[in-house]
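J.: So the chains spell out like this:
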Amino acid sequence: GDSVTQMEGPVTLSEEAFLTINCTYTATGYPSLFWYVQYPGEGLQLLLKATKADDKGSNKGFEATYRKETTSFHLEKGSVQVSDSAVYFCALGLNNAGNMLTFGGGTRLMVKP
Amino acid sequence: GAVVSQHPSWVICKSGTSVKIECRSLDFQATTMFWYRQFPKQSLMLMATSNEGSKATYEQGVEKDKFLINHASLTLSTLTVTSAHPEDSSFYICSAPRASALSYEQYFGPGTRLTVT
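Line by line, the protein sequences are chains S and D.
Quick note on my numbering: the first sequence kicks off at 1 and runs consecutively.
Quick note on my numbering: the second sequence kicks off at 1001 and runs consecutively.
In case anyone wonders, no lab produced these hints; they're calculated from the structure.
Bear in mind that the values here come from a model prediction, so they are computed numbers and not experimental data.
All C-beta atoms in this analysis are idealised placements derived from N, C-alpha and C, irrespective of residue type, glycine included.
A portion of the hints provided could be inaccurate.
Heads up, simulated DSS-like pairs for lysine-lysine below, C-alpha to C-alpha not over 30 Å straight-line [to be verified]:
#1 1041/D - 77/S
#2 60/S - 112/S
#3 68/S - 1041/D
#4 1020/D - 1055/D
Over the 10 Å line for every Cβ pair with chain S, so calculated as not near, a few chain D residues [claimed, not checked]:
#5 1013
#6 1024
#7 1052
#8 1053
#9 1065
#10 1074
#11 1076
#12 1078
#13 1080
#14 1087
In silico contact screen, one side only, chain D against chain S (beta carbon under 10 Å); selected entries [said to hold, decoys possible]:
#15 1041
#16 1059
#17 1093
#18 1108
#19 1109
Bound conformation, chain S alone (with noise of 0.2 Å):
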């Protein structure tokens, strides 16, 4: 079945740091990949997605683009904020609405001023 991994944390990083966090996946036909932030006390929102092979998604300074090749999705951020920490899962759907989502297991962020 459909599957994904990405880096466990957390991921304590200083403001200003670069941000990568790695996304992994395996999937039958050509699924839509997401990013889903979860700040504290809130539901998971939408970041950013990708719909098809070598999209770039981007949001907020967020990037990941969508390798096929690597079966990849990593997340990258130039410079981190205070406010971007938060909890950040990858995800892939069978179309780019995000309905029946195969999640990954979560990545803290925690950055430090």
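For chain S, the structure is supplied; the task is to place chain D on it using the hints.
T.: This is chain D only, laid out in the frame that chain S set:
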């Protein structure tokens, strides 16, 4: 602001009792909603797809008689954990797709933490 709400946000119940969790879409209609379960420090696992006006579709390994889902209106889906046991203690999260400018986006509720004693 939140577009999907859940109630209650947390609940403690005794073993053998039933608990109902509500998921509401606040300013849009959702013919389909999704229920997930999250164990501590683990991933979200899809439990079932809630369909307005018809039966829910359950994922493999999820007991439909234990986790009753009712999607009675276009803005409300309920998950009832029947005869709850301590192993049912978990974080339950719902989501609903909402139309955006170009496609749909999935909106998640804040989750309900269930503790069965």
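J.: So which of the earlier hints does this model not fit?
T.: none
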